[in-house]
Every structure is written in C-alpha cells, then in structure tokens.
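First to last, the protein sequences are chains A and B. For the first sequence, the residue numbers in my numbering are 1410 to 1749. For the second sequence, the residue numbers in my numbering are 2 to 730.
None of these hints come from the bench; they were simulated from the model. Note that beta-carbon positions come from the ideal geometry of N, C-alpha and C, so glycine has one too. It is possible that some hints are incorrect.
Pair by pair, the computed Cβ-Cβ distance ranges are [to be verified]:
1. P311/B <-> G1572/A: 49 to 57 Å
2. M1613/A <-> S357/B: 22 to 30 Å
3. V482/B <-> F1479/A: 58 to 66 Å
4. L474/B <-> Q1448/A: 57 to 65 Å
Here is how the chains run, residue by residue.
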Amino acid sequence: MDEFNQDGDTTSGIGFRRGLAGIACALTLCLGACSSHPQVRIAVIPQTEGSHWDPAHAGAEAAADRTGTFIYWNAPTREDDVETQIALVERVVDDNYQGLVLAPDQALSLISPVHRALSHGIPTVIIGSPLRISAGGNLFYILNDDAEGGRLAAQRVAEQLKGHGTVALLGINPDVAGIMIRARAFEQYLYQNDPGVRIVQKRMGSFNLPHEQQVAEDTLRANPELDAIVALTSATVDGILSSLETSREKRTVKIIGFDTARLPPFEGKTALDCVIQEDTRAMGQRAVELIQAKRQGQTVPAVTYLHPKLISRDNMNTPEVRRMLSLDWKLGHWRWSSTH
Amino acid sequence: MKLPPLLRHALIALLVVLLLAAAFLVLRAYKHRPNRGLPYHDSFAKGSADEWKEYGGTWEVTNGEMRNDSDQRGAKLLTGSPYWRNYSIEADVTLLGVSGDAGLTTRSSNEEEGVDAYSGYYAGIRTRDNSLVLGRAEHGWMEVNKQIPGSDEIRPFNWYHLKLLAYDCQIAAAVTTPAHAIPVTLAINDQECVRSGRVGLRSFSSGGIWRNVVVRPATHHDLVEMLQGTGSQEDSEPRNAVLEDFELLGLRHALQQQKATARSHENIQSIASLRLSSSAKPATATVRGVVILTAPMLFVEDSTGGVSIPQPNAPPLKVGDAVEVTGEVHPGDFSSTIEHATVQVLWAQAPMPPASVTAAQASTGKFDATFIEVQGRLTGKERGPGNTLVLDLDEGPQSFRAIINQRSSESLFRRLKPASSLRLRGICIVDPAFTKNLTPFVLLLRSNEDLEVLAGPPWWSAGNVIAIAVASLLLALLTIVLYHHIEQSRLRAILDERERLAHEIHDTLAQSFAGIGFQLQAIRNALSEEMTPLHQQLELASTLVRHSHEEARRSIATLRIENLESEDILSALVLCARRMVEGGSVQVVSEKLGDHRSLPLRIADTLFRIGQEAIANAVRHAHPATLIIRLKYNAHSACLEIEDDGLGFVQGGSQLGFGIRGMRRRAQSISAALQIDSNPGEGTRIIITAPLPPRITLISWPKLLWKYVRERGIYARHSKHTHSDFYRR
C-alpha cells in the first residue's frame, strides 16, 4: 500500500521522481563532461577563404588527422576585413582553444588580440606574414620567405627583359608585412644586380579588384612602353589581367604575379608569365604539428621560413606544384564555416 | 572653590573650542600671509615645474627653460599664492613667433582657459608694434603700450629681460633689450586695482621661452627705483643682464634667409607619396606641411599623411608652423622618415586639427605619424623614463599607449583613475621604438591639455560593490537591533503601566474594600443581637466585600511582576502561585531543568502570563492538592509546564474558555507551541514550548539575519490566516 506524506504524495511517487532526478543528474554530468572538450582543439584562421589559403586547411587537417585533433577553420570573407578576424581570435581565446594558427590580415591590428591569446596561455603560430611581436614563449612564426619571393620576381623580370627594360611594381600594401618585404627585396635586387631594369612606377594596392583594375589601367596608360608588371597580390594580378582583356590596345607586357588561388590561369592569359606562390599547405600542416609538439613538451623552432615556389607554364603540372596547391579535403575530417 | 562636574566639563570644552579656533585662525593667517613663499625662484634648471598650472598651450621644461610651442592666444602658466600683494616678478623671455607677444602676469586670480580669462595684470613684449605692453585683464582686456626705441628691437629668438612690479595700486613694467642697457619702463596707476594674486607666464599668438623666473617682495622704494630705471640692474646682474643668445641670433638670420628662399622649390611632393620612394637607393625629396610635434622628434603633416624628421637642421620650431622640408627619404611600411633634412619656416599659426579616429582605425597604421584624436579606457599608468607619464589604454579589442613627455605633473598622475574614459590627442606612432611591440600604436601627447577625462571609473567596481554589500548588511543589522530595542521599550512601558495599575488598585480599590469591610464590621458590632435579619444582610455584605478584596489582591498579583528581568520566571510564577493559594492547602512545587539562561523580555513576559493564567485556572477550577511548576531550558527553546492533580476537564471546543484562548493567542505571539493534556479526574498539564533566539556571534550574525528575515516573511504570510498551524493542539 502506498503511504502518503504531508503533501499527499505517495512514497512510490517520490521514489519515481527521485529516480528521474537521478537520471537527469547523470545526463547533466554526461553532457558537462562532453562539453568539457577532452579533444585537443586548434583554431586555424587564415587571411580569408576561397583564396590561396585554402590549401592551409588541407595541410592542417592532414596534421590533425594523425593525432585526432579537432580543427576549427574560419576566416573573414575578405583579406581586408580585419575586424572580423579580430573577432574570430577573440572567440578562440574565450572558448579556450588549445592552439591558434593565424595568418594576419593586418600587421598591427592583430597585435593586441594575439597578446591576449598569449596571455591566456594559448600556443599561437603566425603563418604567412609576420606580426610586430617577437617570437618566443608561446608565439611561433612559420613564415613565407618573402624576401626570396621578391628576389625570384626580380630575377624573372631581369631574365625576361634580358637585363634591360622597364617594370612597374603594383599592389604595394603595408597592411601585410610580407608584401612590403617582397617589394623591398625586389627593388634591392634589381638595383644591385640588374640596374638596366628600371622601376618606372610603384603603386599602392588593395584587395579590391575594381581598384586594382583601375590602377593597372592608369599604369598602362601612363607607361606605353612598359615591359613588365610585378603584381604583389592575387587581387592585383586579377586587376591587371582584367585591364588587359578590356584594353583595345594589344600590349606585350609580361606579368609576374604572386599568390593566386589554385593553379595560375595560364591558359588564355598569355601576358601572365609566372606566379610566385607561398606554400600555404605546408604552413597549415607544420603549424598544427608545431602546436602538437609544443603541447608534448618538445623543443620547437621559434621562427621557420618556407621557400616560395615560382610556378610557370613549365612546371605547373609537376607533382610538387600539384601537391602544394592540393585541395584534397579527404585527408582530414574537416569542417568549416563562413562568418557571413 | 570646587566647581560642579558639569560646569567643569563645560569650561574644558569651551577652552578646547577656543584653542582650536585660535589654532585655525593662526594657521589661516599664516597661509594668507602676503609674502608667504617669497622670494620664489623657478626650478626649471632642475627640470621641475610641478608647482605651475597650465591653462592652454603646450608648456614644457627643456634645457632649464619653460617653453610654450603653441600659438594659442592667451596660453597661461601660473603659480604662487593668491594672497601675494606687493611683489615683483621678472624673467628672461624669448618670443618664438613673429606676430604675437609673450610676457608675465601678476596678481592673477579667477583664471580659466581663454585669451583674457583671468583677473590681473600682464606685461609683455610684442613684435607687431615693437612695444612693451602693460594692461589689466578682467575676463576682458585694457592696455597701454610703449614703443621700444629703435625700429627693429623686438624680434623672435632674442632674449629680453622683463620685470613686472605691483605695489598698492601702481603697476610698473620694464624691459631691457639687447640694444639698450637702460630699461624701457611703463607704469599704470589703477584706482580700483586687483589687490592680490598669483604670478604667471603668458603668451599670445606666439610661442615663447622663459627662464630665471624670480618673484620677490616689493616696497615703495623698489617701485620708485624701477620707475627711475635703476633698480633692476644692481642686485641681480645675471638675471637682468640681457642675454644675447648668439645661437638664436644665428637661427634668426637663418630664418630670414630661409624665408627669402622658401618659395624656391618647385618639386614639392605629397607626404604620402614618399612611401613609394625607392627603398634601394636614397632619394631626395621636398615636402610641405605643418609641424605637429617638436619633441622627442619633429613630425610634419600635410593633408595626405605625416612624416618624421629626426635631427633636422632647423630653426626653433613650434607646433603650428608651416614648414618646407628637404632631405633624404627613407620609406617605411606606414610612413616615411626624412633624414638629413633642412627645414624652412614658411609661416606660423597654421595649426593642424586632429583627425578623430577609433583605436581600431589607428591600429591599422594608416594614421602613422599624423595628429589624431582617439578615445580609450585607462587600464594602467606608470612613470616612464625622463619623467614621462605612460598610460595604458584600450578600446574594444585594441590596446594602445599614450606618452606625455616631460611635462606631466604629479597632480595629473594622481588624477587619472584606472577604468576612466579618456579622450586623447596626439601623434600616432607605430614605430617599434615607441611601441616596444606591445601595442599596435602609441600616442605622443604634446601637453596635458591633450588629455581629457570624459568619465571617471564606473561606480560598480569590485571594491565598491563589496563596500555596498557590507554597508547594506550592517544597515540591516542596525535596523534589527533598533527594532528589538523599540520592542523592548514598548514591553517595558506596558509592564510599567501594569505596575502602575497594580499600585492604583492597591491604593484605591483594595484599600476601599478593606475600609468598607471594617465599616460593615463596626456597624454589625454596634447593632443589637436581636436584629438578626440585619446581621445576616451585613454578613452577606461583608462576605461580598471580602471576596471583592480577594479579587482585587489577585488582580494586583497578576499585574505586578517583580524583577522579572533579573530573576528567572520560575521564581516569579512560584511567588505568584503562593500568593494565589495563600491560606489554602495547595502545595506549590517548582522544578528547574537544564542550564539557566536569560530569556528575552518578550518571551519571559509571555511565558509568565500564560503560566499565571494556567495557575489561576488550576486554583480557581481544579481544586488541586499539588501544583507543579516546571521550567526546562533546552538548547534552542524554553519549556514551561504547569501541572496539577485537580479535577481535570474534558478537552473540547465547548469547554474552551476565555483563559485558554488567551493563552493560545499569547503563545502565538512568540511562535511558541501550547499543549494541554487533561482528563476528568486526572488533573491537567499545560506545556508551552517557546523557541529561543540563537546567540549572536561575529560569524553567525549574517545567517541569523537571513533566518530572521525569512521567518518574518513566513510569519507575515501565516498571520493572515485565522487558524494558525503554529500551535499544536
């Protein structure tokens, strides 16, 4: 027979309720345990997506797959959307990720957020272009050797112009420190080794395609005899190519570009001579490996430079280039999202 | 004669008050002395100027001199006592501009930032009309002036010795120029003069440099000597000798030459275009812009951007000078540097307004080397090298620093509270030499005036919240203590009133009954034995009077509680019971169990009243042989039992008398439980269990406070019900 308490409930009813409460507690504990993220989580935030940074995702996933690391991949929708990138870094810090891989959109604006990540003890790897923070402690750099990129471009220009001619340097953008390093190295190399090649115009650039197209048209109009153009960003390459396509005049200018998404568009673009590409895939992979090694207490180098690769029609189909630009996502259990 | 204590204390208090008043008056007189702090010599040579307060301008101590690079009209720097009356101030003064004046103020008060926003006198040297000017400011301006002899005397970059003396209502000014050893003097007699005030340095539409500032008391003799033109050279030769600074003179000539050739350059570039100069081979370029900062490095800005110019070959420059710069360009990522530069002044007074930006915008480097205005929240402050004040700020996710160079005073340092909202104007620098790679940029502020506190720290800081919480708890505790105190007073008043009533009954009713009884007895004794009916009636009346007397005595016993506070209620109840059964055969037995503890007056009174009622009921109705009164002290309660071996009664609603309902109501008022056990022929036992308040300790009082509040809440809810469940039957 059921016994009644003061509230009129049966004792068996109380027992049932207690049982339910126990199950709820167990579920809560389970959920709490599940939400405590026992898996190592590393956030990879490139400059943008749908660009030459996509192979970095494949590289990061490949490294993460070996240790079961979870990769959070997200980026602003434009290279110049610094605020969104800062917000992403802040979110990573707030969510207590175990590692951060960042390709900064801006050389200065990311200093404070990265300092904040470091102050929270998050191992941070800056890839691509450097920030103005010294490496050490939990901060590491895996950088593209932009000085070598600039020299490769200068050598190629001198080679194509046979030591004499005029060249324009477009796409100078101080927001990305690596671009400025490229520009200076390019200029320095020509000045020291090929003084016959003159830089007749230098123009500031952006990641805005119409702007870059306008700058290219102005440059071509102002320099009818221009022999070559060095485009320091992929947006500038696209702007120049668009400008040449819409131009009524037939120009024989050579274009040496940097960092195109996927394979350079050599077909139908005779003006495009070559593209000097940074190895973003290796950056993503090594950055994740570095954080894993750091977490295991291993000694890791504070700064690593990766050599860029000059891709021309001659080597575009080599396995090395194919692997570098590979977007083979099956290598990892990737998942990603866009901020917009 | 010995004084009464009250009078003695009053006299002592009066003496203390008088002494304090005298001390206050002496201190006030000392602080208001017209010569307090005089003579005064500046400490510029030691790099110190903490005692000076600025109103506009960009005041800075450099090379042992006070310098104002600003063209602001009416920039002032003040020091001294507002009670200084008759004194002189003198200093060496140099003008930095060609179209303004610079000089000294005296007897200044009511100062604000503004051109003539003070009350006092000013004397200065002016380039525009080559004159010594002397006038009075009263948030307005009136002046007299005197041309300096010669046609080309007052020039920028020359040192002049200026003296300003105020004695009574006569104000005199004198300037000694490089060309004339005899000073040029000018004086006014102001009928309704400003009698006292501070001293100051002031400039108008021109920067200036001041050194050797001396203030000393003045006499009428000093005034006469000064007006005769002899006084200022005798006792202070180093200060009064006109110091022809050949270096500055050289710069003056250079300035003249530069002005002559200022328009010679044709290939003027925009400053932004310098960034596209070759980084491989040095290029020479010429830019034009406005000086936005002179120290620690020269910065020039045009409409396209800013440029830094380390160690330029330049005349003394001030903020707002429009200049032309020619030199070797070194392009940087965000701005350029012009090295080995020659700077020519084109014209003055062209200050560049700041660009209002957010910290996020400044963090992009696009405003490197430009004059900006930005807001931020102060997160830290510290002294930097060279007496600089370094502020750490943030705005959203961006952090930055602000550096105030060599002019930050202690008062400013103290005034800035962490978490304050600040608006700052300064030169945005991204150079790692300044940022130390800790922040994306730093702001170099030109003066304290470039910093404005928009709002102090929010009140909800951790410290304030804790203080408010503690204060609230203390207030709540105080309220409870006061409430209990008032309750105690109220109860005491009731008891006093009962006591008074008891005395009243004793002195009136009881005495009257006794008197009536005696009178009846006397009448009966006087009557003859034959009058039997009358005897019977008198006997009946005597019996009624006796009963009434007994009732009155019982009422007195009920109303009076003797020493209830000091004794335990058990003794009081036993005493009460013995009075009630006085003359009878009822045996009163008392028992006390547990550790005695003093009961709150309210509980003690209520227990006593219930016990008294129970005893009275037993004596009146039960006819017991024994009456047991038992009091038990438990840890958290006190239990009173009244037990008799009398008739007992059948418990039921119909038999519930007024007395039992009264007992229940009383028990209810102290949250006590009332239990009545009785059966016919088996006597009656009444048990009252009253909860006792826990002992208050330093640790337990917050818990008790919460319990009290909760119980009051519960009590308030339950008190609405007619039948309370607090009392078990």
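Do the hints match the structure? See the list:
{"no.": "1", "hint": "P311/B <-> G1572/A: 49 to 57 Å", "in the structure": "violated (37 Å)"}
{"no.": "2", "hint": "M1613/A <-> S357/B: 22 to 30 Å", "in the structure": "holds (24 Å)"}
{"no.": "3", "hint": "V482/B <-> F1479/A: 58 to 66 Å", "in the structure": "holds (60 Å)"}
{"no.": "4", "hint": "L474/B <-> Q1448/A: 57 to 65 Å", "in the structure": "violated (46 Å)"}
Hints 1, 4 from the earlier list are contradicted by this structure; the remaining hints agree with it.
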